[in-house]
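Student: So in my numbering, spot 651 of the sequence shown is number 651, and the numbers just go up one at a time.
In case anyone wonders, no lab produced these hints; they're calculated from the structure.
Careful, some of the hints might be misleading.
What the hints assert, rightly or not - Result set (SDA-like, lysine to any residue): computed pairs, CA atoms no more than 20 Å apart in a straight line: (1) LYS510 <-> SER63; (2) LYS831 <-> THR789; (3) LYS361 <-> GLY426; (4) LYS790 <-> ASP814; (5) LYS756 <-> PRO725; (6) LYS741 <-> THR789; (7) LYS556 <-> LYS521; (8) LYS604 <-> GLU645; (9) LYS826 <-> ASP737; (10) LYS223 <-> GLY319; (11) LYS790 <-> LYS756; (12) LYS596 <-> LYS612; (13) LYS776 <-> ASP814; (14) LYS521 <-> VAL623; (15) LYS124 <-> GLY319; (16) LYS596 <-> VAL287; (17) LYS612 <-> ASP713; (18) LYS299 <-> LYS612; (19) LYS510 <-> THR535.
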Amino acid sequence: MNKAFRTIWNDVRQSFVTTSEIQTSHGKRTKSSLSLCIATALFTLSGVASAAYVEPGVIGSTSSWETPEYQKDWGLEAMNASAAYSLGYNGQKTALGMMDSGALLYTHPELDGERFRYITQQGKYTSTGNRYPQGAVFDGAYTKDESFDTTGKWILGVNDSHGTHVLGTIAANRDGANHHGVAWNSTSYSANTGGSDDSNYGPFLDYGFFYNGWKTLADALVKDNGKDRGGVINNSFGTNIRVYRLQQMIGGNWTDAGNLKVSDLNKVDGVNFRIGPRLAHIPTNTVAQAEYEYFLHNKIYGAKGIKSFVDAAWDAVKGTNVVQVFTTGNRDMHNPFYRPLYPYFNPEAENNWVAVAGLMKRGDRYELISSFNEAGLGKYWTVAAPGSRIYSSAVVDGSYVEPNTGTDSNGDPVGDLGSPSYQTWGGTSMAAPHVTGAMGVLMSRYQSMTAPQVREVMFTTANHKNPNGTDMVGWENVEVDASGAVVRTWAVPEGEVSNRMGWGVPDLNKGMYGPGQLLGKFDYNMNLAPLDVWTNDISEVALKQREREDLEWMAKTKNGTDASTGGSYELGNDFVVVDGDSDATNHVISEDDAQKWRSAYFLKRAQAIQNKIDNNLYQGSLVKRGSGMLIMTGNNTYSGGTTVEDGALYGFSESFGSGNVNVNGGVFGVLSSFNDNFTQKGQLNSLVDIARAPIQKANIVVNNGGTYAIVADQDVQVGNLTFNPGSLVTVTSLTNDAFEKAYDGIDQVGTVIADKIEGFNQNAVVTPDYALVDHKVTLEGNTLTGILTKSDKTLADYALTSNGVAVANALMADSNLLGGLADSTKSEARKTIASLANDIHVTANAMTIANGQSLVREI
Numbered sequence: 001m002n003k004a005f006r007t008i009w010n011d012v013r014q015s016f017v018t019t020s021e022i023q024t025s026h027g028k029r030t031k032s033s034l035s036l037c038i039a040t041a042l043f044t045l046s047g048v049a050s051a052a053y054v055e056p057g058v059i060g061s062t063s064s065w066e067t068p069e070y071q072k073d074w075g076l077e078a079m080n081a082s083a084a085y086s087l088g089y090n091g092q093k094t095a096l097g098m099m100d101s102g103a104l105l106y107t108h109p110e111l112d113g114e115r116f117r118y119i120t121q122q123g124k125y126t127s128t129g130n131r132y133p134q135g136a137v138f139d140g141a142y143t144k145d146e147s148f149d150t151t152g153k154w155i156l157g158v159n160d161s162h163g164t165h166v167l168g169t170i171a172a173n174r175d176g177a178n179h180h181g182v183a184w185n186s187t188s189y190s191a192n193t194g195g196s197d198d199s200n201y202g203p204f205l206d207y208g209f210f211y212n213g214w215k216t217l218a219d220a221l222v223k224d225n226g227k228d229r230g231g232v233i234n235n236s237f238g239t240n241i242r243v244y245r246l247q248q249m250i251g252g253n254w255t256d257a258g259n260l261k262v263s264d265l266n267k268v269d270g271v272n273f274r275i276g277p278r279l280a281h282i283p284t285n286t287v288a289q290a291e292y293e294y295f296l297h298n299k300i301y302g303a304k305g306i307k308s309f310v311d312a313a314w315d316a317v318k319g320t321n322v323v324q325v326f327t328t329g330n331r332d333m334h335n336p337f338y339r340p341l342y343p344y345f346n347p348e349a350e351n352n353w354v355a356v357a358g359l360m361k362r363g364d365r366y367e368l369i370s371s372f373n374e375a376g377l378g379k380y381w382t383v384a385a386p387g388s389r390i391y392s393s394a395v396v397d398g399s400y401v402e403p404n405t406g407t408d409s410n411g412d413p414v415g416d417l418g419s420p421s422y423q424t425w426g427g428t429s430m431a432a433p434h435v436t437g438a439m440g441v442l443m444s445r446y447q448s449m450t451a452p453q454v455r456e457v458m459f460t461t462a463n464h465k466n467p468n469g470t471d472m473v474g475w476e477n478v479e480v481d482a483s484g485a486v487v488r489t490w491a492v493p494e495g496e497v498s499n500r501m502g503w504g505v506p507d508l509n510k511g512m513y514g515p516g517q518l519l520g521k522f523d524y525n526m527n528l529a530p531l532d533v534w535t536n537d538i539s540e541v542a543l544k545q546r547e548r549e550d551l552e553w554m555a556k557t558k559n560g561t562d563a564s565t566g567g568s569y570e571l572g573n574d575f576v577v578v579d580g581d582s583d584a585t586n587h588v589i590s591e592d593d594a595q596k597w598r599s600a601y602f603l604k605r606a607q608a609i610q611n612k613i614d615n616n617l618y619q620g621s622l623v624k625r626g627s628g629m630l631i632m633t634g635n636n637t638y639s640g641g642t643t644v645e646d647g648a649l650y651g652f653s654e655s656f657g658s659g660n661v662n663v664n665g666g667v668f669g670v671l672s673s674f675n676d677n678f679t680q681k682g683q684l685n686s687l688v689d690i691a692r693a694p695i696q697k698a699n700i701v702v703n704n705g706g707t708y709a710i711v712a713d714q715d716v717q718v719g720n721l722t723f724n725p726g727s728l729v730t731v732t733s734l735t736n737d738a739f740e741k742a743y744d745g746i747d748q749v750g751t752v753i754a755d756k757i758e759g760f761n762q763n764a765v766v767t768p769d770y771a772l773v774d775h776k777v778t779l780e781g782n783t784l785t786g787i788l789t790k791s792d793k794t795l796a797d798y799a800l801t802s803n804g805v806a807v808a809n810a811l812m813a814d815s816n817l818l819g820g821l822a823d824s825t826k827s828e829a830r831k832t833i834a835s836l837a838n839d840i841h842v843t844a845n846a847m848t849i850a851n852g853q854s855l856v857r858e859i
């Protein structure tokens, strides 16, 4: 276990062949996370437009990354992106996806380079329809069984500037010019909506076309990032449903038609009626109004015998770790539109979904954009992100269908479609790519986490405070009546989620230090990262908030069986949906269908809630898997327990919540202090050790195959410590200094003072057999003491040949190299010496060690 830590922190030992030998036996990666961080300061940027660009950012210096290019997008400051860059995380080794209109203008200097890629979409439409039922000038008609063959590149006469602007926010080059994206060192894949941003994301887009695009994107991300990691797809495109309000002529003036229904239009005589006078946006202020969009999608697509295009978004990522990011909408509604609200009606999709509301900057403060849709019913998967006056890459005159053939005063053509430009835009379309980019940065930080787990880190470390410590405007809860009017507002308790802003704004500073809360079972398989350090305090406040609300819903709806408890239905009787045809009633939902569809999603929601109850998922819990080492130092209050299956888990006594720590495999140990060089927090000390007060202490159960580690140079306190049959105990040190001192003849002692110790004498077996030090563990009262002492063995005792003896003696003569072997087991020592003895160059160097030469350079 200390081999992994030693590999990370000691350059000499990294260079020594012993490292790779040990890592091979334990399945660890050769390159350390710290090495990656340091290398970031020296890398050559891929896809950089200017070969002369020299990166001024320095690892460990936040301000050095805040260049004029950084400052062009205030969203980077709002999300504290420079803090992540200063730790070496900027989207590297992570691929992101985008479905958008305008897709990728690959000739744009901000999007130039191998990092920017596009997919090909080929197949046949599964229905007949039009992308623009609301009258856009573009031709968006498509026909069932018609073939499509398009790419994620920007297409003249089809696309606009939208996708190019969005992609610039996600990943534009950091090259010293103009601006750069959030995840500026990530790889991006672009897919094409086949239209412009006027495409209607109501029930009018084709399932087959969008499933093909999303699935191809998802496959590309899984291939690049790996199946376990998955990826993120940004969806900022399109506009919501428009409707006409019904009006009547009375006394020469048009007024609301009162209780008149659309279905009664052809039954009324003697009064003039019309639809208008202008378009409105479909409301989603109440639950009933939000339901209507769900009903309408069911009706329109059901009539065609296919699933909706929003179902396609879910079907494309179902069973993967790919996350879909959707905008809430730009229309001042208390709830998102159907795309981002999809998990409310289909709970199984929630872990793969993120909804994004808009944030604006006013002076030195931030506030929710009130004219955009809020978190509402989707609050548990919503964040707010910068969406006002966002500067990014674009396309000159990209919104026109035909090129402008005019000339300027010099006779040069103007309005050249497809030429790169820069524009400042606003909308939730600009907010979502900030979130996708933030996910990319966090994925580069947490290489062993799945994208849904990174999503939880982003949620639970989000921020709702201004730089001066006050709450952002909009950080509150609202209650609306049946008409959608606000009847009251109230404060959001710390740690809970707001139904206006969701979790708040992604914070790439706090997000560097582990999750802020656990939202159920967090099963962390550290199969790629040799080390991770979580210093955030981890609670489960929002999880308890959700449990309370979910149980209230279950009681109200009789466990989801009584649809009538949802109140009256919105059926569409007082407006007409603009759908491109002359039928003024085909959007109206029958009450029977409404009841059927509400009952269906009530049942899904009830089943999801019951599953959480049955599996104790309203308690936060952590499972540690994989060969890597996780260190936790927060004052953590989650209640569902901690399980160690593989690798190593260390932390302060207060860092494992109120549940038991079950050590089923791997190694677990408690620390009193830790010098955090990994995330540069410096020296950290346990609150239990400092205060010796009634702070929560770890209760530990060591099971068959699990190992409890006494840290030789630390004295700690725990709660109950139980050793079951087959359990193991060892003495170790994270820094390796204790082993070196023990070898030098200075005994190293660590103690564990427990409230109660059971099963040690009967069940615990001391392990392993160290090569150069001896260790023993004793129990007196409720105190375990572990001691490392010098052994009478030398490395030569583990050599099998004369060459091996020469190599062993040479190693013994070099204090740096010997220090690297101080904590080796007997088996590891034998393998190392045998390996080196078979290397002719090493053996030759060993034979000349008497000349005073060190082996560090030669090996």
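Student: If a hint holds in the structure, say so; if it doesn't, say that too.
Tutor: Verification of the supplied hints:
1. The suggested pairing of LYS510 with SER63 holds, with an alpha-carbon distance near 16 Å, which does not exceed 20 Å.
2. Under the criterion of a C-alpha separation no larger than 20 Å, the hint pairing LYS831 with THR789 is inconsistent with the structure, at around 23 Å.
3. A hinted pair counts as satisfied when its Cα atoms are at most 20 Å apart, and LYS361 with GLY426 qualifies at roughly 12 Å.
4. For the hint linking LYS790 to ASP814, the alpha-carbon distance of about 18 Å falls within 20 Å, and the restraint holds.
5. Restraint check: the Cα-Cα separation between LYS756 and PRO725 comes to about 17 Å, which is no more than 20 Å; the hinted pair holds.
6. Between LYS741 and THR789, the direct Cα distance comes to roughly 9 Å. Compliance with the 20 Å bound is thereby established for this hinted pair.
7. Only pairs whose Cα atoms come within 20 Å are accepted, and LYS556 paired with LYS521 is rejected, the gap being roughly 27 Å.
8. Distance check on the hinted pair: LYS604 and GLU645 sit about 33 Å apart at the alpha-carbon level, beyond 20 Å; violated.
9. Annotation: proposed proximity of LYS826 to ASP737 holds, straight-line Cα distance about 19 Å (limit 20 Å).
10. A threshold of 20 Å between alpha carbons decides the hint, and for LYS223 with GLY319 the separation of about 15 Å falls inside it, so the pair holds.
11. For the given pair, LYS790 sits about 31 Å from LYS756 by alpha-carbon distance, which is inconsistent with the 20 Å threshold.
12. Restraint check for LYS596 and LYS612: not satisfied, since their Cα atoms lie roughly 25 Å apart, outside the 20 Å limit.
13. Straight-line distance between C-alpha atoms of LYS776 and ASP814 comes to about 28 Å, which puts the hinted pair past the 20 Å bound.
14. Annotation: proposed proximity of LYS521 to VAL623 holds, straight-line Cα distance about 7 Å (limit 20 Å).
15. A hinted pair counts as satisfied when its Cα atoms are at most 20 Å apart, and LYS124 with GLY319 does not qualify at roughly 24 Å.
16. As the CA atoms of LYS596 and VAL287 are separated by approximately 16 Å, the hinted pair is consistent with the 20 Å bound.
17. A distance of roughly 42 Å separates the Cα atoms of LYS612 and ASP713; the hinted pair therefore is violated under the 20 Å criterion.
18. Distance hint between LYS299 and LYS612 is unfulfilled; the C-alpha atoms sit about 31 Å from each other, more than 20 Å.
19. A distance of roughly 9 Å separates the Cα atoms of LYS510 and THR535; the hinted pair therefore holds under the 20 Å criterion.
The structure fails hints 2, 7, 8, 11, 12, 13, 15, 17 and 18 (numbered hints given earlier, in ascending order).
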